[in-house]
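> Mapping the sequence shown onto the working numbering, position 98 (from 1) lands on 98, and the numbers just tick up by one.
It is possible that some hints are incorrect.
[Stated by the list, open to error] Cut-off 25 angstroms, straight-line C-alpha distance, at most; resulting in silico cross-link-like pairs (DMTMM-like, lysine to aspartate or glutamate):
{"#": "1", "residue 1": "K24", "residue 2": "E113"}
{"#": "2", "residue 1": "K19", "residue 2": "E59"}
{"#": "3", "residue 1": "K104", "residue 2": "D92"}
{"#": "4", "residue 1": "K99", "residue 2": "E59"}
{"#": "5", "residue 1": "K19", "residue 2": "E32"}
{"#": "6", "residue 1": "K104", "residue 2": "D10"}
{"#": "7", "residue 1": "K117", "residue 2": "D61"}
{"#": "8", "residue 1": "K99", "residue 2": "E34"}
{"#": "9", "residue 1": "K104", "residue 2": "E32"}
{"#": "10", "residue 1": "K19", "residue 2": "E41"}
{"#": "11", "residue 1": "K24", "residue 2": "D10"}
{"#": "12", "residue 1": "K99", "residue 2": "D49"}
{"#": "13", "residue 1": "K99", "residue 2": "D10"}
Calculated from the structure, these hints are not laboratory results.
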Amino acid sequence: MGNRILIVDDAAFMRMMIKDILTKNGYQVVAEAENGAVAVEKWKEFRPDLTTMDITMPEMDGINAVRAIRQVDPNARVIMCSAMGQQAMVIDAIQAGAKDFIVKPFQPDRVLEAVRKALA
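Let the sequences and hints guide you as you build the complete structure.
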């Protein structure tokens, strides 16, 4: 099986879209989370090779979740997902330790390129 991935987004539809792109291309989605707090717990439980993380979510946003995950493992690989017009947040995310970011609505080629790059 391919690399193990955790998908984090508060919108079930977005999680489904990313999961579809990844599983069709040989990646294994080991878990999903609907907010940053759940993401940190799932990350600790599954230790995925890569996490896709939405930025704007209830309870704990993606940037704080990345910081929390990277406190546990400084080498954790995270790709941020954001809607258009969130450039300042994307910069915060990269500074928090994200490897890359992809913009919604998702373009399958861009998602796969970011995943391949982050896992390289």
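> Take the hints in turn and mark each one as holding or not.
Outcome of the hint check:
Distance check on the hinted pair: K24 and E113 sit about 14 angstroms apart at the alpha-carbon level, within 25 angstroms; holds. Between K19 and E59 the alpha-carbon distance is near 23 angstroms, which keeps this suggested pair within the 25 angstroms criterion. Pair hint K104 plus D92 holds up; C-alpha atoms about 18 angstroms apart against a cutoff of 25 angstroms. Taking the CA atoms of K99 and E59, the gap is about 23 angstroms. The hint holds against a cut of 25 angstroms.
With a CA separation close to 9 angstroms, the supplied pair K19 and E32 stays within the 25 angstroms bound. With a C-alpha separation of about 13 angstroms, the suggested pair K104 and D10 falls inside the 25 angstroms cut-off, and the hint holds. Proposed proximity of K117 and D61 is supported: the alpha carbons are some 24 angstroms apart, at most 25 angstroms. With a CA separation close to 21 angstroms, the supplied pair K99 and E34 stays within the 25 angstroms bound.
Restraint check: the Cα-Cα separation between K104 and E32 comes to about 18 angstroms, which is no more than 25 angstroms; the hinted pair holds. A distance of roughly 19 angstroms separates the Cα atoms of K19 and E41; the hinted pair therefore holds under the 25 angstroms criterion. For the given pair, K24 sits about 22 angstroms from D10 by alpha-carbon distance, which is consistent with the 25 angstroms threshold. Between the alpha carbons of K99 and D49 the distance comes to roughly 13 angstroms, so the proposed pair stays at or under 25 angstroms and holds.
Straight-line distance between C-alpha atoms of K99 and D10 comes to about 21 angstroms, which keeps the hinted pair within the 25 angstroms bound.
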